[in-house]
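J.: The primary structure of each chain is shown beneath.
2 protein chains.
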Amino acid sequence: MRRMTARPANAHQARLLKLLRDGGPNSRAQLGDQVDLSRSKLAVEVDRLLETGLVVADGLAASRGGRRSHNVRLNPDLRFLGVDIGATSVDVAVTNAELEILGHLNQPLDVREGPVAVFEQVLSMAAKLRATGLAEGFDGAGIGVPGPVRFPEGVPVAPPIMPGWDGFPVREALSQELGCPVMVDNDVNLMAMGEQHAGVARTVADYLCVKIGTGIGCGIVVGGHVYRGTTGSAGDIGHIQAVPDGRPCACGNRGCLEAHFSGAALARDAVEAAQQGLSPELAVRLETHGALTAADVAAAAAAGDATCLDLIREGGTRTGQVIAGLVSFFNPGLVVIGGGVTGLGHTLLAAIRTQVYRQSLPLATGNLPIVLGELGPTAGVIGGARLISDHLFSPA
Amino acid sequence: MRRMTARPANAHQARLLKLLRDGGPNSRAQLGDQVDLSRSKLAVEVDRLLETGLVVADGLAASRGGRRSHNVRLNPDLRFLGVDIGATSVDVAVTNAELEILGHLNQPLDVREGPVAVFEQVLSMAAKLRATGLAEGFDGAGIGVPGPVRFPEGVPVAPPIMPGWDGFPVREALSQELGCPVMVDNDVNLMAMGEQHAGVARTVADYLCVKIGTGIGCGIVVGGHVYRGTTGSAGDIGHIQAVPDGRPCACGNRGCLEAHFSGAALARDAVEAAQQGLSPELAVRLETHGALTAADVAAAAAAGDATCLDLIREGGTRTGQVIAGLVSFFNPGLVVIGGGVTGLGHTLLAAIRTQVYRQSLPLATGNLPIVLGELGPTAGVIGGARLISDHLFSPA
DNA sequence: AGACTTCTTCCACTCTCAGGACAAAGAGCG
DNA sequence: CGCTCTTTGTCCTGAGAGTGGAAGAAGTCT
Chain A
5 MRRMTARPAN
15 AHQARLLKLL
25 RDGGPNSRAQ
35 LGDQVDLSRS
45 KLAVEVDRLL
55 ETGLVVADGL
65 AASRGGRRSH
75 NVRLNPDLRF
85 LGVDIGATSV
95 DVAVTNAELE
105 ILGHLNQPLD
115 VREGPVAVFE
125 QVLSMAAKLR
135 ATGLAEGFDG
145 AGIGVPGPVR
155 FPEGVPVAPP
165 IMPGWDGFPV
175 REALSQELGC
185 PVMVDNDVNL
195 MAMGEQHAGV
205 ARTVADYLCV
215 KIGTGIGCGI
225 VVGGHVYRGT
235 TGSAGDIGHI
245 QAVPDGRPCA
255 CGNRGCLEAH
265 FSGAALARDA
275 VEAAQQGLSP
285 ELAVRLETHG
295 ALTAADVAAA
305 AAAGDATCLD
315 LIREGGTRTG
325 QVIAGLVSFF
335 NPGLVVIGGG
345 VTGLGHTLLA
355 AIRTQVYRQS
365 LPLATGNLPI
375 VLGELGPTAG
385 VIGGARLISD
395 HLFSPA
Chain B
5 MRRMTARPAN
15 AHQARLLKLL
25 RDGGPNSRAQ
35 LGDQVDLSRS
45 KLAVEVDRLL
55 ETGLVVADGL
65 AASRGGRRSH
75 NVRLNPDLRF
85 LGVDIGATSV
95 DVAVTNAELE
105 ILGHLNQPLD
115 VREGPVAVFE
125 QVLSMAAKLR
135 ATGLAEGFDG
145 AGIGVPGPVR
155 FPEGVPVAPP
165 IMPGWDGFPV
175 REALSQELGC
185 PVMVDNDVNL
195 MAMGEQHAGV
205 ARTVADYLCV
215 KIGTGIGCGI
225 VVGGHVYRGT
235 TGSAGDIGHI
245 QAVPDGRPCA
255 CGNRGCLEAH
265 FSGAALARDA
275 VEAAQQGLSP
285 ELAVRLETHG
295 ALTAADVAAA
305 AAAGDATCLD
315 LIREGGTRTG
325 QVIAGLVSFF
335 NPGLVVIGGG
345 VTGLGHTLLA
355 AIRTQVYRQS
365 LPLATGNLPI
375 VLGELGPTAG
385 VIGGARLISD
395 HLFSPA
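Residue numbers (this note's numbering), protein chains in the order written: chain A, 5 to 400; chain B, 5 to 400.
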């Protein structure tokens, strides 16, 4: 199939495309209820969208008491690629234009191997998905990388954990390889967009999305839009000081949140605890696997290991301290916790909640839900699809 | 004179009004260079604005090489009132439609005397300004209060330092008394708007404005607009924990920034230092005035008093710690320090800068100016005028 | 079967707006 | 002073956007 290259010609068409993306197949009449255009105008714009091929007819809608309406929907052959490059693994998924995941692959992969190796992997995963018949090509791709990005150009800038990526033209390179438009963003922002599109944050305009993985980051959504900051490093909360004169951090300071709690820090703590004989559970796991990860701590904690529970609680408290400050500052309507360590689940969440509700003022916390992300590993890839669809469904 | 009640009829007119407000008298041709409208369309809209009386003809412009253009400007009889209610004093100023201050009064006043007493004072100050012939009435007023505000209604919500104000319909009451439209906001947000309109922040879209007065607050500007948070308490950074297990704070927690550094805390520290004989300079002042304020500390520090310099430095360091966290999180393009304690000047600024540049990541601080506000006590009242003019110069 | 709803199409009419033509008013130059 | 060139303001026409009414098509419900 030839790929779509059409773009909406005006704001009305863009609006309609987004309604169809978020609401699925819809009748003209239903669309009319949502957009405040005259019937005639609406018909004209829908017809033009049909001409472009972005939208296709989709049979008859159920009657709402009178004549049945003709449904329209986004072209079911449209395909977006969502790519979430993490520090230690990569997710690649194919979605349709309604951002439903049609196929999803996950592979361990060290981002430090550099852009060339990573792209090779990503492209081969994309090819594999294509080979299953899910897609003949892609109409757009949204990529997340674990570091700050100069958003308009889609280029990582000074990413601490991605040696070799600084200044690499990710957007341009992948656009060439995939032959479709590409947008690049921070992985945390992608997760925030994903949870906003299909997860817990569907109804709030201002919220924070804290991702605790190998590192810690925070997606900031203001008025429904991701806020990226002046240089694209907004939300980089891993290096906020959580413990005065605390542990040394890779960044050169001491007491950074990330040094005290993150996937990496937790793994270190777990090994230490195992070696000191504080946790027989962990010691066994260390023996068998040769290494420990956050998942081991989660499993041990689930089995009732006191040391692991303590580790989680202390990490949650540290994280809660930092989040409490952010809540006072930003006064969000929701805080979402996500990322690799969500396996730690409600023990972690409870510790964070306790600390935030204790430290922030009642006016800010009064009606503030703090919840786990709903989408898990799919948040990032859905966010990627959302990112590129927002771009493509805007007037050129 | 009868007060103006006209409002722009569409977005084009609103745009033109704001250009005239920010750029002063302007020729039609110059306006045309800025708004991307055809000459005919522009002429129509300008004519309509002239009809409403919001805009008046203003003679001929200088030639730009051809026929001279007819200037237009905002009606010079328009008057806005800017009111900045602080914890211990109130500022009232009259501006024209270009937000130039025509008259300014300042009086000490304890906000805890309650809304009725404070409004009496404010209204009498406004009357005094009117009596000087600066204004025959007001076309709008912008009010700042030292606490969180439910912005759409203009009502303070649970303000910690304003007993008796909770839920008081400030906007409605003052609108009645003044007989003109009124908008109410947090005093810190007003300062942020003032510095953005006429101060150091004219050219940045995303910045933070930290006001250190009796308390500490932070104005947040995202994309040129003040961000107020879900419940209107965004920027309330005074109760972020700066010192673990630090001093007890009025809010019930320990170690809040405000408990360690603010106008109030500094005064307490100064009295203590004087009584312990650590600072002869302060002791003398305490003797003569019976009390000490931040201004005394500033004066003593300027005279070289080591204890005072230390107090300021330590306070700056605490503040810098918190700001460093906010900078990492928000990645602003500028940080402005203002409020009553700016008298402490560059000693304070240096301490804050040192701490921020040390603790935040280079990507966020790389090109981050941290500067003192330019407008001093006029920032708030200019911000007030700006607030109401933004409202009135928007389509109804 | 008939009355009522809902949806779609068609059409006439209004409004907006851009851009060209032209006149008015100035600058610069010889 | 006269000429040319530039800039500004005004007028006009035509294209396109958009509204709302009317009528027909396709349902439901009694």
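Since the hints were made in silico from the structure, they are not lab data. One should not assume that every hint holds.
As the list claims (entries may be wrong) - Covered stretches of chain B, going by a simulated chain A footprint (3 or more residues, C-beta under 8 Å):
hint: 1; stretch: 228-235
hint: 2; stretch: 330-337
Claimed, not checked - According to the in silico footprint, chain A covers these stretches of chain B (three or more CB under 8 Å from chain A):
hint: 3; stretch: 109-122
hint: 4; stretch: 149-163
hint: 5; stretch: 361-370
The beta carbon of each residue, even a glycine, is placed where N, CA and C say it ideally should be.
J.: Each hint: holds or not?
T.: Evaluation of the provided hints:
no., hint, verdict
1, 228-235, "holds (count 5)"
2, 330-337, "holds (count 7)"
3, 109-122, "violated (count 0)"
4, 149-163, "holds (count 3)"
5, 361-370, "holds (count 8)"
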